[in-house]
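**Q** Chains as they are written, first to last, in the working numbering: chain A, 1 to 283; chain H, 1 to 281; chain P, 1 to 347.
If you are wondering where the hints come from, they were derived from the structure by calculation, not from laboratory data.
Treat the hints with care, since some could be wrong.
Result set (DSBU-like, lysine-lysine): computed pairs, CA atoms no more than 35 Å apart in a straight line [unchecked claim]:
1) P:Lys-104 <-> A:Lys-198
2) H:Lys-4 <-> P:Lys-7
3) P:Lys-73 <-> H:Lys-4
Chain A side only, calculated, beta carbon under 10 Å to chain P, not exhaustive [claimed, not checked]:
4) Glu-183
5) Gln-242
6) Asn-243
Please read all numbers here as calculations on a predicted model, not as lab measurements.
Think of the CB as a built atom: it goes at the ideal place given N, C-alpha and C, for glycine as much as any other residue.
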Amino acid sequence: MIKENISILTPAQILQRHKIGRYLYRTLIIVLCAWVLLPLYLLFVNALSSSKAVNSFPKNFVPEFDFESLIFFSQFAGMTSALSNSIKVAVITMIMSIVIGAPAGYALSRFDFRGKSTFRLLILLTRAFPLPLLALPLAVLFIRTGLDDTIFGLALVHTTLALPFAVLITFSIFSGVPIELEEVAWTLGCNRLTGFTKVVLPLILPGIAASAIFAFVISWNEVFAAAVLTVENRTLTAFLLQNLDTSPLHLKFAGGFILVIPALIFIFAVRKYLFAMWGIANR
Amino acid sequence: MNAKSLPYILILPVTVFLGVFFIYPFILVSQQAFQSGAGVGLSNFENVFSHWKFPISLKNTLYLAAAVVPLQLGLALLMAVLVTKMQRGRDLVIYIWTIPLGISDLAAGIIWLVIFDQSGFLNSIMQSVGAIDRPINLLSYQSPGLVFLAIALAEIWRATAIILVILVAGIGLIPKEYYEAAEVFGANGWQRFLRVTLPLLRPSLSTALVLRVILAFEVFAVVQALGGTLFPVLMSETFKYQFELLDSGGAAALALVVLAISITATVAITRILRVPKGATL
Amino acid sequence: MAEIKVKNIAKTFGGYKALSDINLTVADQEFVVLLGASGCGKTTLLRIIAGLESASEGEIWIGDRRVDHLPPKDRGIALVFQNYAIFPHLSVFENIGFGLRMKKLPETEIETRVKRTAEMMHIEQLLQRYSGEISGGQRQRVAVARALAMEPDVILMDEPLSNLDALLRLEMRAELKGILAQSKTTAIYVTHDQVEAMSLADRISVMNGGRIVQAAPPIDVYRNPANKFVAGFLGNPPMNFLPATKGEKGKWYVSEMPFDGPNTYLTNLEFAIRPEDCVLSAQGLRAMVQVIEPLGPHQLVTCNISGSMFRVILESDTALSIGQFIRLEPKKDRICWFDPTTGKSTS
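Next comes chain A alone, as it looks inside the complex (with noise of 0.2 Å):
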């Protein structure tokens, strides 16, 4: 019994029915790569352009290349310093929940022990939790520690943020590390030190940069904390939150173009393990 809803096409239609579609499917993904870039390349333009350009009407939408607001940005009372100071929470924020995490990613995959699934439970909690509002309580911890308003207290605050995502992603790159690897090398001579740090440190170098690189820009580009717990020495994002109202608008986009080009280059870096990490979480 043939059914009566199939319908045939002939070849011709065939064909023309594959091309409408692909036609459509390529014009979607070149649609939606629009839709990503073309806020950024505006940012771009604006930042590129002189004060004068930024606030004149209507926009020219090539940019002038001129440097003028990036120049009164960096001349900017205490942006130097907000930008160095960026940098250096970042740069520990990455040094420690790298230091702090990876071995717990180890743990995690090596081993099977008491307490394993409530340790990992205790890890997508913090996932999950609205951090930033931790940054509250911990401000009045930080005066009484005499931690507040520093670089290292806001890295400590930062690290509580990216040490989920280190152990996380380091877990997973363990896991890609088979334990025979490190049992052939016992039996050939070496011990469980020396086993790591020459069969699988350098297979997972990478990665561990991989995630040392998403602690930075989770570091870099947090706001709210930031914000709480800095006051002199600010970090880049609590400066241009405070300034929004006050600052001129070349400013603020100067500003988000420096935020946003570390970014650019460090989700190159590491997206091939942007997905690792959400794989093996999903399990």
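Once you've looked at the hints, dock chains H and P against the given chain A.
**A** Quick look at chains H and P alone, frame taken from chain A:
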């Protein structure tokens, strides 16, 4: 080094760190929310709830989340399906679409300010097509709808990548044999999407939704950049309580409100998108 | 170059007893195969000897040293894994020489040994390649070379041929046997493949349920299995079992045919004979032909003897038809008898 104790030694730093910088502050916030000059009680909550800005900020936060998250989910699904089929250029497209992941929410707000500002690109375009003569102040209290739109657009632009990454990873886990079997049994592309992709994506959808919703309730910097005081949300109010009103009890109370709606949403989403035991990949 | 003594080894994982009461002595330069199905404990035993797991009870001696408290690197062993575990970030040369570098041997010595073992395994042309650039079979050779380069007292192998395709497995089996005999190393080899075990072993140690059931040279394990499990595990197609009841004058009746059997107080036994140990004859067990499988070198005939399935291997030229009744006479010296309750041999 004893092999039995090694794992515990390795997880000790993280556990201690999170204990001090996560669990402990959490306890502090909870305590502070229930404490005020008059002793232990709900007075902070009463103050906060009775403030005229509370219903507005709560409404704004919830409406924004309700508007933005479903759209992002649909958009991310579309992008995920498109990109899984790609062969050439796939890496480039994925890189472009995940760029917003690395962009601070503050930067995203600024970026969309470039467009929506009075001297911005949207006005320029509208003028060049003759829709208006002079630039309009789009982001003013006279046009709350436009403020909402600007913020919503910025959020959609910024945060869709978060969902996209989770969904692409999830789709990657679905063996293509399932699609082939469905095709052999007569399912067309749309049907395969509905009956193979979506059901098998449930765990990923659940994770992505929970994460995105929680982040949506925390929206702060984007709003500040585009709307400032025009569009109060829960986080901006929390910030104000702490720094302008110097009322940390109130700030703590609001923080717990954010936590409460986050938990409610998490529970609701995981329940709705629950997968029966054994029905997973 | 050492004797291995496994004394009273037991291993428990949580509530699960993986190994009980393991006692085994491997003579110097002997090649012992641990044979058994998945989960019988053979890999666990190997890992305990290697030092990758610790035993719950018992001792391990290699040479005249007690080693069960020593880490793997101090036991004088070398290990070949099923998945080869070749270091991806090192060249083949560096892989083979890894253990030698750990021992801090002089560079010239390392080079000599690596080249020598590479030649032995026919991979001397691959020394500068990396693991991603060579085939699975070649990786396996690198794994063996890496173990041999250490000139260990004992070489331990955990199903090293399992991941190779059938033809390669056959070639490697023969090569391995030659190389290991030549290098005069004591070897313990784990496998679930009974053909591999028969082919390679000086002695086969059959394991089941965490215990060693029988340890004897291959032909002994084949001809005189210690129990029903061993009898059924070795040999393809497997041994046939028929019920036997005691008759008068010490005779046992199998399908109404009398046989000389063991002298025992039991009244029921299991009669066992291998498919290749029966011939067509005028007197013998009466069997009805059910399935005929012409396999090339011979034909495999499945029959029915008094309700029990019975397989027999006959010459290819013998003409048979389904439903035909034939008589099969078992070779007298190949008959085995088993206690139906304990499964133990009573031959």
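**Q** Compare the structure with each hint and give your call.
**A** These are the hints, each one checked on the structure:
Note on P:Lys-104 and A:Lys-198: the hinted pairing holds, with a Cα-Cα distance of about 14 Å set against a maximum of 35 Å. Restraint check for H:Lys-4 and P:Lys-7: satisfied, since their Cα atoms lie roughly 25 Å apart, inside the 35 Å limit. Between P:Lys-73 and H:Lys-4, the direct Cα distance comes to roughly 19 Å. Compliance with the 35 Å bound is thereby established for this hinted pair. About 5 Å separates the beta-carbon of A:Glu-183 from the nearest beta-carbon of chain P, less than 10 Å, and the hint is met.
For the restraint placing A:Gln-242 at the interface with chain P, the shortest Cβ-Cβ distance is roughly 48 Å, beyond the 10 Å limit, so the hint is violated. For the restraint placing A:Asn-243 at the interface with chain P, the shortest Cβ-Cβ distance is roughly 49 Å, beyond the 10 Å limit, so the hint is violated.
Taken one by one, the earlier hints fail for this structure at numbers 5, 6, listed in ascending order.
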